[in-house]
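S.K.: For the sequence shown, UniProt numbering assigns the number 1 to the initial residue and increments by one for each residue that follows.
Rather than coming from a laboratory, the hints here were simulated on the basis of the structure.
Just so you know, even glycine gets a beta-carbon here, dropped at the ideal spot from N, CA and C.
A hint or two may mislead.
Unchecked claim - For each label pair, taking beta carbons as the anchor points, the in silico distance ranges come out as:
| id | residue 1 | residue 2 | range |
| --- | --- | --- | --- |
| 1 | R81 | A337 | 36 to 42 Å |
| 2 | K200 | H333 | 16 to 22 Å |
| 3 | E158 | D79 | 46 to 52 Å |
| 4 | G146 | A295 | 47 to 53 Å |
| 5 | I235 | H333 | 24 to 30 Å |
| 6 | N299 | G238 | 32 to 38 Å |
| 7 | A309 | D94 | 48 to 54 Å |
| 8 | S133 | T45 | 39 to 45 Å |
| 9 | P197 | A295 | 36 to 42 Å |
| 10 | G362 | D79 | 42 to 48 Å |
| 11 | P197 | D168 | 26 to 32 Å |
| 12 | S133 | L293 | 48 to 54 Å |
| 13 | G174 | R209 | 19 to 25 Å |
| 14 | E345 | I188 | 20 to 26 Å |
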Amino acid sequence: MIQPTPFCNLDCSYCYLPHRSNRDRMSAETLERIGELILGGDLLTKEATVIWHAGEPLTLPPSWYEDAFAILERHRLADVRISHAFQTNATLLDERWLPIVSRHDVRIGISIDGPESIHDTRRRTRGGRGTFSRTIRGLRFLRDSGVPFHVITVLSWETLSQPDELFDFYISEGIERISFNIEEIEGINKGSSLKRPDVKEAFRAFLRRFIERNSMREHPLWIREFADSIRTISIPSGAALPNLLIEPLAIVSVSSSGNMSTFSPELLGNQASKFMNFEFGNIHHVSPDQMLLDASFQNVLKEIEQGVAVCRKSCPWFRWCGGGAPANKYFEHGSFAVGSTMFCELTKSVLLDTVLAAIEDGLSHSLVRGVE
1 MIQPTPFCNL
11 DCSYCYLPHR
21 SNRDRMSAET
31 LERIGELILG
41 GDLLTKEATV
51 IWHAGEPLTL
61 PPSWYEDAFA
71 ILERHRLADV
81 RISHAFQTNA
91 TLLDERWLPI
101 VSRHDVRIGI
111 SIDGPESIHD
121 TRRRTRGGRG
131 TFSRTIRGLR
141 FLRDSGVPFH
151 VITVLSWETL
161 SQPDELFDFY
171 ISEGIERISF
181 NIEEIEGINK
191 GSSLKRPDVK
201 EAFRAFLRRF
211 IERNSMREHP
221 LWIREFADSI
231 RTISIPSGAA
241 LPNLLIEPLA
251 IVSVSSSGNM
261 STFSPELLGN
271 QASKFMNFEF
281 GNIHHVSPDQ
291 MLLDASFQNV
301 LKEIEQGVAV
311 CRKSCPWFRW
321 CGGGAPANKY
331 FEHGSFAVGS
341 TMFCELTKSV
351 LLDTVLAAIE
361 DGLSHSLVRG
371 VE
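Kindly produce the complete structure, drawing on both the sequences and the hints.
M.R.: This is how it looks when you write it as structure tokens:
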């Protein structure tokens, strides 16, 4: 994950990023170091995805990315395939972006929380204005231009009671590929509307209704959570799914100033004096391998391993999860050395329970498209 800039032109109430008013941008020198030490080093195998995120990437111009892509490509090893992805609020999408997206086959994820009445509740500007009209304009521009995209929708408490409204919105706008995030306690977002005793049943009912609606369609929507669940429950007995979030260097995150982190990308730059804000070295001074020698990294790794051990001992879903998401453990409990979180209870146990029940009830048609 590369942070081209910390800046974001929106001020969503649930955002976890601490520096989104900072207009810094990554330098060519930092990109050269990323290319040399990560894309051109021995860290990668056959392919890698560069996700441009942790700020609004499209606040930088297309020309900046043309230069950035060229720098990274120059260092790419011949047998390594690099793909690029933008996660964007879509408010700045227009015809300027079509050439670079087409030429480099950039994958685009759009953050949109549903119809205006839902979306504008939490996705607002710094002046408190809703952003739906600008986001949907960008989404429609991509759709009408024939550019593939997917959406990420954050589910807050209000959304869970409106599955039909959300489903109808996707259909009406021609949105066919959907990922759900829950409103998380993460980074500077210290609370969540989902932190309530009745959330599990509400989330279960929301998912069940989505499955039912999807089963009525000849061509079901692709929904990441259902696709992932099918893959998860299909693994052979005795096997376990890998968990990249707990593996050092499986994910490398680089801030706009060159600070490096690993494990959950959401850790990068968030306040934690005990762990040096999860920044384990600067790419101008150390390589990713050398980052592993950092004392703060070692302390984080030790706690993560303790937390995985707790999960292994206490959670019936462990082999389908692999020990949870470190960022959610830390931001919910102040420690990595713990087991269950609200995040995992909803997005693992409730989700998998609901999918299994749907399969038993003969509703698998709405799930199988996810195994494309």
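S.K.: Give a verdict on every hint.
M.R.: Now the hints, each set against the structure:
1. Remark: the range hint 36 to 42 Å for R81 to A337 is upheld by a beta-carbon distance near 37 Å.
2. Here the CB-CB span from K200 to H333 is close to 18 Å, well matched to the stated 16 to 22 Å.
3. For E158 and D79, the Cβ-Cβ distance of about 49 Å falls inside the hinted range of 46 to 52 Å, so the restraint holds.
4. Restraint check, G146 to A295: a C-beta distance of roughly 51 Å satisfies the suggested window 47 to 53 Å.
5. For I235 and H333, the Cβ-Cβ distance of about 28 Å falls inside the hinted range of 24 to 30 Å, so the restraint holds.
6. Restraint check, N299 to G238: a C-beta distance of roughly 33 Å satisfies the suggested window 32 to 38 Å.
7. For the hinted restraint 48 to 54 Å between A309 and D94, the CB-CB distance of approximately 50 Å keeps it satisfied.
8. Hint check: S133 to T45, Cβ distance near 43 Å, so the stated range 39 to 45 Å holds.
9. Between P197 and A295, the C-beta spacing of about 40 Å keeps the proposed range 36 to 42 Å intact.
10. For the pair G362 and D79, the beta carbons lie near 46 Å from each other, so the given range of 42 to 48 Å is met.
11. For P197 and D168, the Cβ-Cβ distance of about 29 Å falls inside the hinted range of 26 to 32 Å, so the restraint holds.
12. Between S133 and L293 the CB atoms are about 50 Å apart, so this pair conforms to the stated range of 48 to 54 Å.
13. Between G174 and R209 the Cβ separation comes to about 21 Å, which falls inside the hinted range of 19 to 25 Å.
14. Under the hint 20 to 26 Å, the C-beta atoms of E345 and I188, about 23 Å apart, fit the expected range.
Consistency with the previously given hints is maintained throughout, with no hint failing.
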